[in-house]
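In the order they appear, the protein sequences are chains A and B. Counting along the first sequence from 1, when you hit position 78 you're at 78 in our numbering, and nothing is skipped either side. Counting along the second sequence from 1, when you hit position 208 you're at 1208 in our numbering, and nothing is skipped either side.
Just to be clear, a hint being listed does not mean it is correct.
[Unchecked claim] Below, computed lysine-lysine pairings styled on DSBU-like, alpha-carbon distance capped at 30 Å: (1) A:K143 <-> B:K1004; (2) A:K21 <-> B:K1114; (3) A:K186 <-> B:K1262; (4) B:K1005 <-> B:K1108; (5) A:K21 <-> B:K1004; (6) A:K302 <-> B:K1190; (7) B:K1294 <-> A:K139; (8) B:K1190 <-> A:K124; (9) B:K1051 <-> B:K1262; (10) B:K1343 <-> A:K302; (11) A:K66 <-> B:K1343; (12) A:K302 <-> B:K1114; (13) A:K302 <-> B:K1213; (14) B:K1262 <-> A:K21; (15) B:K1213 <-> A:K21; (16) B:K1114 <-> B:K1213; (17) A:K302 <-> B:K1294; (18) B:K1406 <-> A:K66; (19) A:K21 <-> B:K1343; (20) A:K109 <-> B:K1051; (21) A:K426 <-> B:K1132.
[Unchecked claim] Partial list, derived from the structure: chain A residues whose beta carbon lies under 10 Å from chain B: (22) A34; (23) G325; (24) E327; (25) Y331; (26) S361.
Rather than coming from a laboratory, the hints here were simulated on the basis of the structure. Yeah, the Cβ is synthetic: ideal placement off N, Cα and C, and Gly gets one too.
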Amino acid sequence: MNISTDMIMQDVVLTCLQTDKFKTSCLSINLLTALNRESASKNALTPKVLHRGTFSLPDMAAISQKLDSLYGARLFPMLRKKGEIQVVGFCSDFADDAFLPESGGNLEKIAALMGEMLLRPAAKAGVLLEDYVESEKEKLLEKLRGRINDKRAYALQRLLEQMFSMEDYGTDILGSEQAIENISAKELTEHYHHLLESSPIEIFYCGSAAPERVAEILKNALKELPRSVDEELDLGTDIRMNTLEAQPRYFEDELQVTQGKLCMGFRLGECMEEPDTAAIKVFNGVFGGCVTSKLFMNVREKLSLCYYAGSSVDLHKGVMIVSSGIEFDKYDDARSEIMAQLEAVKKGDFTDGELEAAKRSIAGDYRSVCDSPAALEDFYLNQALIGPDCSPEELAGLVERVTREQVIDIAKDVELDAVYFLRGAKEKN
Amino acid sequence: MQTKKYENIGETLITETLPNGLTINLLPKSGFTKSYAMFATNYGGADRRFKLAGQWIDTPAGIAHFLEHKMFDMPNGNALSILSANGASPNAFTSSGMTAYYFECTSKFEENLKTLLEFVSTAYFTAESVQKEQGIIGQEIRMVEDDPGYVVYNNLMRCLYKHNPVRDSVAGTVESIAQISDKTLYDCHKVFYNPSNMTLSVVGSIDPEFVIKTAKELLPSEGGEVPERDYGEKESDTPHTAEVRASMEVSAPQFLFGSVIKPADKGTPRLRQMLIGETALRLLIGRSSGFYTKLYADGLLNNSFEYEIDYTAGTAMLLAGGESRDVSAVMDALCAEVEAVCKNGVDLNLFENAKKGIYGAQLRSLGSFSSTAISLTDGAFSGFCPLDAFEIIGSITADEVLSFIKAQLSRERLALSVIDPVSK
């Protein structure tokens, strides 16, 4: 696998992974913009409206039929939250020409379609079609309201909203119902032009084509891309080292559910001064990130306090979230047991076996990244934003060298900031 | 050991049937770091009544799933922990028709494979551990009761089938699993976890000879009788109940409709039927169809709309659903679309595109080791090789697709399940 990066236009970086091991190639174009409550909904709506129709393929049926004819290629809007950066764009996966019954030039066609979608959307008198804007606003509202359908994700979202109420990180990636309702076609068009001009762009390709060829194809597909320098552009994530208040904050909601959901948010603290990705991941692995972790083995297996319990870290923001499904009456027990397990890690009360198991699991996860174009795409996007500057394979090597002391050092500074509990509504009489 | 090259898609499949009856499918992948192994038994949630040594035996709902949970217990510890500690990501699932155990790893594949084969073939249960598991599975059952996707599916099964136990939840109920003891688990393990009722599928950077040799060494040298199963009285072509509705904490109505398919004979006919069905659904209600694009634009469907064809427990079914503010408008539009196609035939241009789409989708799924291992496993239990799909797709005719639509999607064949939001 051969990796190369190249700035193909002003603030447009192309990362190419040339390999012939995959049957499907992957191409993504990502606009980087600040995540905040003012613009999140507009950012979320933009790629969805662009995806509805282009100058030459004016509606969804035309676009989808074109994709079917390219052997079931997929091209979809993609929205990601990377700390306090909102990543907006398109991603496509499509069959590599080598495995098709007829030679196709799939890459050229997909890149051209993506370029057209980004630069020449269906419009009337220069304004994005009102019809598409209203229709996609409705979809976005449905999706936002639909958060409640998945109780596990809903609980997590509610924790983030409240724990980070004073920070941009608490912004829902779809924004808010009110913000969505207020967007007009004209306003969205202006926003779209601004996004296009001022956002740094990360393009990622993984497939059999040579980087020089990919660069030519992309330059051609994006030749009409407007570029201007935004002096005020300040992209990045504000990392808070300590908790918001001296004592943890508690939040809860009631819904008609049969099982409770407990989510706890922690600040990673000191280690975020110069974050050591490998060590932080191993700490999380020992505590709650793997099947061999403290949370899984003790809270779930030994004490049967919950059906699931696990933790994850977000290195963009320096936070760790514990998520668990419990019986309503186990709320206090589960919470204190989770804290007790964190105390244990802080004290170094974990075996070498637990440490090695966490390291193996995380190193294995990084090595598997090389086997999936989509995982590679996300890995290199993260790398472009926060590093570290190494391949998945190298990072796996670093994970294997993490020591017990490093894990304890990280654990020591981890602090509980907020607790959220989703409990059942009291029966109505 | 048989080797078959699929030049068109650059794959080589190695198959072997051991003297004990175990079928093995191996797909070596060069240039990849990871390996994926799946060891599965043709035994799932619906296999509750079976005939052994001339006698019919009834077992409680949820037993196959319960057994799956308990299989990880080994005399020397928990297999999940052993595999995880060794750097593998192990897991398992139980469907109506099968129970599968699998792991993925980037190193120590040989040791992990041995652990997998050992723990799945070793029965080790105690009364105490069974009792504890009743608590854990009780929690799992309660958790899925809050999942609208699960409830809408389960309710639909109860409409489509009157007798077949696929109508019951794979996990059973808190009451049914209370009847399970260590004795029932030992009995079911003995009957269904015998090599002639099982299959091993491995994908990745592997040495085929090592896999076959290890399976020979570690598994019992003789298979056993594969029991006859009873899935209840013959079902009618039309649903047992046309429609069911329930309410939950959801933002908008969630729906799932479906019809029962008479499964084609095992072997290539079944694979062909599956591909015809997929082509038909892609053409009729897929992302590029007039049905989907119009309803999407009208605000009646969003991209949660999905469809599939599923073969399980002696039956097969077509399922499709998602979210809509007006489910009856969706159903009316579907019926109108079906009528139009039946009257005018299929658009040949769209038909060719749909076939290309299916070809690309199959190619994409080969990129996922887990999807590949699942299709190899499904294929082994249904007597076909999923890699033959690429050859078959080209030969599917518009008439076959039209017949499928006519037979499966007429209004009287369809059942509908809806979850409405709770009224505030």
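We went through each hint and held it up to the structure:
A distance of roughly 46 Å separates the Cα atoms of K143 of chain A and K1004 of chain B; the hinted pair therefore is violated under the 30 Å criterion. The straight-line distance between the Cα atoms of K21 of chain A and K1114 of chain B is roughly 28 Å, inside the 30 Å bound, and the hint therefore holds. Our distance criterion of 30 Å between C-alpha atoms is broken by K186 of chain A and K1262 of chain B, whose separation comes to about 53 Å. Taking the CA atoms of K1005 of chain B and K1108 of chain B, the gap is about 28 Å. The hint holds against a cut of 30 Å.
Only pairs whose Cα atoms come within 30 Å are accepted, and K21 of chain A paired with K1004 of chain B is accepted, the gap being roughly 20 Å. About 28 Å separates the Cα atoms of K302 of chain A and K1190 of chain B, which keeps this hinted pair within 30 Å; it holds. Between K1294 of chain B and K139 of chain A, the direct Cα distance comes to roughly 14 Å. Compliance with the 30 Å bound is thereby established for this hinted pair. Note on K1190 of chain B and K124 of chain A: the hinted pairing is violated, with a Cα-Cα distance of about 70 Å set against a maximum of 30 Å.
The hinted pair formed by K1051 of chain B and K1262 of chain B meets the criterion: a straight-line CA distance of about 24 Å does not exceed 30 Å. Note on K1343 of chain B and K302 of chain A: the hinted pairing is violated, with a Cα-Cα distance of about 62 Å set against a maximum of 30 Å. Annotation: proposed proximity of K66 of chain A to K1343 of chain B holds, straight-line Cα distance about 26 Å (limit 30 Å). With a CA separation close to 26 Å, the supplied pair K302 of chain A and K1114 of chain B stays within the 30 Å bound.
With a C-alpha separation of about 37 Å, the suggested pair K302 of chain A and K1213 of chain B falls outside the 30 Å cut-off, and the hint is violated. A threshold of 30 Å between alpha carbons decides the hint, and for K1262 of chain B with K21 of chain A the separation of about 39 Å lies outside it, so the pair is violated. Distance check on the hinted pair: K1213 of chain B and K21 of chain A sit about 28 Å apart at the alpha-carbon level, within 30 Å; holds. Restraint check: the Cα-Cα separation between K1114 of chain B and K1213 of chain B comes to about 11 Å, which is no more than 30 Å; the hinted pair holds.
A C-alpha spacing of about 53 Å is found between K302 of chain A and K1294 of chain B, which places the hinted pair above 30 Å, so the restraint is violated. At most 30 Å may separate the alpha-carbon atoms for a hinted pair to count; K1406 of chain B and K66 of chain A meet this at roughly 27 Å. Our distance criterion of 30 Å between C-alpha atoms is broken by K21 of chain A and K1343 of chain B, whose separation comes to about 46 Å. Among the hinted pairs, K109 of chain A with K1051 of chain B is inconsistent with the structure: their alpha-carbon atoms are about 58 Å apart, more than 30 Å.
Restraint check for K426 of chain A and K1132 of chain B: the C-alpha separation of about 28 Å stays at or below 30 Å, so the hint holds. This hint is violated: A34 of chain A has a C-beta 26 Å from the nearest C-beta of chain B, more than the 10 Å allowed. Interface restraint check: G325 of chain A against chain B, minimum CB-CB distance 6 Å, threshold 10 Å, status holds. Contact between E327 of chain A and chain B, as hinted, is supported at the beta carbon level, the nearest pair being about 7 Å apart and thus within 10 Å.
A least Cβ separation of about 14 Å between Y331 of chain A and chain B goes past the 10 Å threshold, and the interface hint is therefore violated. Taken as an interface hint, S361 of chain A checks out: its beta carbon lies about 6 Å from the nearest beta carbon of chain B, inside 10 Å.
In the structure shown, a violation is registered for the earlier hints numbered 1, 3, 8, 10, 13, 14, 17, 19, 20, 22, 25, in ascending order.
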